[in-house]
Amino acid sequence: MNFFADVIQPILALLVFPGGLFVLALGLVYLWVNRKLVARLQNRIGPRWFQPVADVVRLFVKEEIIPEDANPALFVALPIVGLAGVLTASLYVPLFGMAAPFSYPGDLIVTVYLLSLLTLCIGLAGANSTGRFSLVGVTRTLTQMFSYEAPFLLALLSPAIIAQTWQISEIIAYADGRWLMFTHPISFVIAIIALMGKLEMPPFDAPEAETEIVAGAMTEYSGRGLALFKLGHGAELVIGVALVTALFMGGTANPLIWLAQTAVMLLVLSLVQVLMARLRIDQTVGLWWRYGSVLAIVQIVILIVWERIVA
Amino acid sequence: MSTEERIAEARARLAPFTDAVEEAAPDRLNAPLPVEQLLPAAAALIEGQWSYLTTITGTDLGPEAGEFEVLYHFSSGALVTTVRVRIPRDEPAVPSVCGLIPAASFYERELMEMFGIVVEGTPNPDRLFLPDDWPVGVYPLRKDFDPSEATVVIEKDPAND
Amino acid sequence: MAERPNSGPLQTIIDEITAWSRINSPWAVHFNAGSCNGCDIEILATLTPRYDVERFGIKLEGSPRHADVLVCTGPVTRQARERLVRIYEQMPEPKFVVAVGACALTGGVFQGCYGVCDGVDKVIPVDLYIPGCPPRPEAIIDGFVKLLTALKQAKEGQAA
Amino acid sequence: MINGNVKPAEKFVVPIGPQHPALKEPGHFELTIDGETVTAASARLGYAHRGIEKGAESRSYVQTLYMMERVCGICSHIHGTAFSLVVEKLAGVEAPPRAQAIRVLVAELERIHSHLLWVGVGAHEAGFDALFMYSWRDREVVMDILEALTGNRVNYSANVLGGVKCDVTPEAAETILKGVDFLEERARQYLEVVQSDAMFLRRTRGVGTMTREEALTLGVVGPTARASGVTQDLRKDAPYAAYPDFPINVITETAGDLEARFIVRVKETIESCRIIREVLANLPEGELTTRMPRRVKEGEAIVRLEAPRGEVFYYVQSDGTDTAKRVKVRTPTIANMASVLHLSVGHQLADVPMILAGIDPCFSCNDRSVRLTSAHGNDVWTWEKLRQHGIEAYR
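Chains as they are written, first to last, in this note's numbering: chain A, 1 to 311; chain B, 1 to 161; chain C, 1 to 160; chain D, 1 to 395.
These are calculated hints, taken from the structure and not from any lab test. Keep in mind the model is a prediction, meaning the values are calculated, not measured. Glycine is no exception: its CB is placed at the ideal position from the N, C-alpha and C atoms. Please note that a few of the clues may not be correct.
With a cut-off of at most 20 angstroms between alpha-carbon atoms, the simulated SDA-like pairs for lysine to any residue come out as follows [unchecked claim]: (1) D/Lys236 / B/Trp50; (2) D/Lys325 / B/Trp50; (3) D/Lys54 / B/Glu69.
One-sided excerpt, in silico: chain D residues whose CB lies under 10 angstroms from chain A [unchecked claim]: (4) Met133; (5) Lys165; (6) Lys236; (7) Tyr240.
Away from chain A, derived, C-beta distances all over 12 angstroms, residues of chain C [said to hold, decoys possible]: (8) Leu47; (9) Arg55; (10) Lys59; (11) Glu61; (12) Glu82; (13) Arg83; (14) Leu105; (15) Asp121; (16) Pro131; (17) Gly132; (18) Gly143.
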């Protein structure tokens with residue numbers, strides 16, 4: 001077997017280029033862009049460019065306190081597992097305008113569930129550290145997760161149905177440059193809003209509503225664990241945005257256009273963040289189940305009917 | 001309803017309980033009453049939402065006088081009618097007005113913890129303001145209260161240094 | 001921090017980076033130990049557009065676990081004393097305490113009242129005092145900058 | 001673990017945070033429930049209890065004035081004015097008309113600053129941080145005016161026993177007018193935002209509704225009462241300082257929910273701008289203070305003022321020396337909280353989160369847990385569980 005192609009190249013892909021370090025660095029940059037945009041839209045100056053890097057490094061060197069009634073092994077392992085899940089998801093999504101290093105039938109489903117692995121880890125971490133606020137944070141994180149998961153998948157389903165495949169690269173090949181955004185408007189909008197729910201950005205930030213439950217599931221975390229979760233959050237932002245742009249804005253070939261597209265997407269996310277008040281958890285669940293899922297299904301029905309008429 | 005009319009109305013409402021209603025200031029009436037007359041007088045004053053109980057003030061007339069004076073301030077428009085009740089210092093007790101005015105429980109709790117006046121029938125006798133580690137039986141707003149009785153030795157935890 | 005045995009060049013680089021990160025992202029948690037809210041609204045004002053401490057990386061965190069700096073206001077009433085000590089102990093090392101306002105320094109105008117412990121340093125060790133009743137947002141920011149530069153010197157003193 | 005249904009005669013403790021910017025007396029609430037209905041409600045305060053009333057008995061009048069301005073940092077001028085007025089009443093002295101007018105001017109500026117602050121904190125509690133940032137940015141304008149006028153942004157100590165110590169020069173009047181025009185225009189914009197922003201209305205419309213009847217029986221004061229239709233404003237009912245010469249019109253709403261309280265407060269900001277212009281237009285001439293005797297003759301006096309949050313009540317007893325015999329202060333937040341707590345009695349357990357959140361939207365409690373003490377031991381419910389319990393109960 002060709003040693004380089006089968007062993008070195010995948011490890012390199014996982015650890016360095018499209019996978020690990022690159023996604024983490026890009027995640028930090030995107031977190032900074034998001035914070036800066038939100039601050040500028042709130043008429044504030046906002047953090048300096050190296051702020052997320054300073055935050056994460058500082059958290060790494062800080063003392064990590066593990067509450068006694070939490071299971072220490074789990075307490076330390078969960079952030080690592082969460083981050084690992086998100087990094088492996090980055091292998092299947094075309095990043096930086098290049099084809100994904102690995103692609104096989106069904107990788108769309110795997111990517112979405114690897115992304116929600118991080119949310120699950122956050123939920124478990126909160127439950128493990130049995131403080132009052134983390135318990136409230138956990139119930140909110142998980143209820144919110146079950147509410148946006150279905151519409152998110154349904155929204156990503158519509159391009160897959162048209163291309164009759166679960167493979168991201170085949171969907172892109174099918175679309176070959178056509179921007180599915182215009183042919184699938186409803187699922188594009190739902191995908192963006194569901195992405196905001198997944199990343200717990202306002203108006204869906206009830207799970208870490210600073211004024212109500214301190215920091216939700218993350219309340220007991222400090223030092224390394226918190227740093228790993230922040231990195232995971234950054235990586236999740238990059239991969240989420242990359243996934244939506246790849247499917248709906250026609251997988252592009254060169255990195256510049258890709259960066260431009262993701263920047264526009266970040267601007268849209270920040271705008272929605274600034275304009276909205278935080279929804280109570282029962283309102284978000286109601287919103288998703290009443291409108292989110294129904295609209296996604298309507299979009300799919302239209303597609304299928306349109307497919308029948310045209311084909 | 002001008003202040004004069006309000007004064008006349010207040011005098012009319014208090015007539016059956018006392019005739020010693022005197023005008024201490026252009027917009028202030030004083031109505032000294034025995035303890036038993038307190039509840040009926042309060043009921044008369046707030047009947048028909050004509051006035052509302054602003055607050056209850058406890059005053060210590062001093063160990064020599066041997067009496068507390070509890071003031072119930074009922075305001076209506078610009079007029080404040082103060083119902084004054086004197087109670088002996090050794091076993092001070094006052095009936096609770098919470099039956100008529102539910103919101104008065106805060107004022108009564110403050111009265112109890114600051115002066116040690118027993119308010120019979122108040123729904124919740126717990127402390128309102130004083131800290132949990134405040135010694136029992138020490139009433140700060142009494143004239144003979146000396147702060148040294150209540151000081152808790154603040155030991156700074158050496159581990160924190 | 002004790003001098004590490006292998007304090008070769010690698011070690012100084014690590015110390016350098018640690019010091020740099022601590023100085024550039026000091027997260028704060030705010031505790032009102034019986035203050036009249038004058039200082040609290042000035043602390044909140046430092047977050048708003050005109051002063052915006054996020055430029056220096058200062059973020060107001062909800063949980064003491066996430067914070068390096070405990071910003072404490074108020075003359076530490078007896079009821080709030082035990083809670084203040086608990087929050088101080090929940091914070092991970094290295095932690096700093098900033099006492100904001102005359103009340104937090106010495107009990108201020110309420111000094112001697114029975115319900116008051118006359119100042120934060122009677123209860124927990126304080127690293128920085130910001131006088132004023134209330135201190136202006138600029139004074140609070142200046143206090144933070146002084147704390148950070150003192151931190152930098154402490155690091156250089158050690159690393160050099 | 002208490003499964004869903006709640007046993008009878010259980011005491012149910014709702015602790016609401018040890019500190020919170022708008023509520024001066026942080027503490028926690030206790031509700032006793034019988035089955036599903038709340039039978040009794042009370043609270044435990046004291047986190048900010050400094051023993052001011054006892055302190056006043058050992059300080060001279062001048063020192064006590066300085067302390068009284070620090071009862072509450074957000075409405076310190078009102079407490080200073082109240083104490084000055086009550087001591088002047090005791091001493092039988094009357095501050096000159098120019099001083100009274102300047103007191104009204106600073107009081108209205110403080111009302112604008114307090115209302116904008118509250119709109120910001122209320123929005124922050126509902127997660128609408130953009131409104132928080134914008135309203136606090138505009139609030140800086142009124143802070144600058146106050147600083148130019150009195151020398152300090154918060155706790156401005158404009159009052160002196162017998163008058164004021166800061167004067168309004170023509171240039172100062174110019175900057176105030178310019179600032180007030182900007183504030184009025186911003187306030188109108190916030191009025192529109194508060195009434196039309198869909199996401200914000202989801203969190204405020206129909207929340208913690210209190211009818212006019214309930215407001216009257218419970219003795220609620222200030223904007224919370226006016227939002228339920230109670231036309232009660234001490235600046236009109238019992239005018240003090242220079243308010244007789246500058247009549248105000250009382251702003252009321254009828255809905256009585258959170259949105260109505262936001263509307264009343266923003267409209268009052270606009271009304272304050274109008275009063276400030278009127279005061280500046282015809283500011284009486286004359287000196288700023290009168291002579292004030294050091295020793296105040298024996299007697300007692302009562303003063304009631306309209307603070308941004310409601311009626312402040314001052315009662316002072318003097319005994320001929322230069323220190324007060326008894327000083328009683330009743331802040332508006334205590335009255336509002338005491339009376340509205342009783343609103344929850346008789347209501348369903350499921351409504352409790354809405355009612356408690358309703359009286360003051362900035363109930364930011366970071367210790368919001370609910371202890372359900374029942375006959376056989378107690379169990380800690382989180383606030384969220386209480387809310388979920390409410391939602392299931394209504395499903």
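Hints versus structure:
At most 20 angstroms may separate the alpha-carbon atoms for a hinted pair to count; D/Lys236 and B/Trp50 meet this at roughly 17 angstroms. Of the supplied pair hints, the one linking D/Lys325 and B/Trp50 is violated, its CA atoms being roughly 31 angstroms apart against a limit of 20 angstroms. Restraint check: the Cα-Cα separation between D/Lys54 and B/Glu69 comes to about 17 angstroms, which is no more than 20 angstroms; the hinted pair holds. Taking 10 angstroms as the C-beta cut-off, the interface hint given for D/Met133 holds, the closest approach to chain A being about 4 angstroms.
A cut of 10 angstroms between beta carbons decides the hint on D/Lys165: the least distance to chain A is about 35 angstroms, and the hint is violated. About 34 angstroms separates the beta-carbon of D/Lys236 from the nearest beta-carbon of chain A, more than 10 angstroms, and the hint is not met. A cut of 10 angstroms between beta carbons decides the hint on D/Tyr240: the least distance to chain A is about 36 angstroms, and the hint is violated. A beta-carbon of chain A is positioned within 12 angstroms of the beta-carbon of C/Leu47; the least distance is around 8 angstroms.
The non-interface label for C/Arg55 is inconsistent with chain A: the shortest C-beta to C-beta separation is roughly 5 angstroms, within 12 angstroms. Non-interface status of C/Lys59 relative to chain A is broken: a Cβ of that chain comes within 12 angstroms, the nearest being about 8 angstroms off. Annotated as non-interface, C/Glu61 brings its C-beta within 12 angstroms of a C-beta of chain A; the closest such distance is 7 angstroms. With a least beta-carbon separation of about 18 angstroms from chain A, C/Glu82 lies farther than 12 angstroms from that chain, consistent with its non-interface assignment.
With a minimum CB-CB distance of about 14 angstroms to chain A, C/Arg83 clears the 12 angstroms threshold, and the non-interface call stands. At the 12 angstroms boundary, the C-beta of C/Leu105 stays outside the reach of chain A, the nearest C-beta of that chain being 28 angstroms off. The beta carbon of C/Asp121 is kept farther than 12 angstroms from every beta carbon of chain A, the shortest such distance being approximately 23 angstroms. With a minimum CB-CB distance of about 27 angstroms to chain A, C/Pro131 clears the 12 angstroms threshold, and the non-interface call stands.
With 12 angstroms as the threshold on Cβ separation, the claim that C/Gly132 sits away from chain A holds: the shortest Cβ distance comes to roughly 24 angstroms. Interface exclusion of C/Gly143 from chain A stands, the closest Cβ pair being 20 angstroms apart, more than 12 angstroms.
Violated hints, listed in ascending order, are 2, 5, 6, 7, 8, 9, 10 and 11; each of the other numbered hints is respected by the structure.
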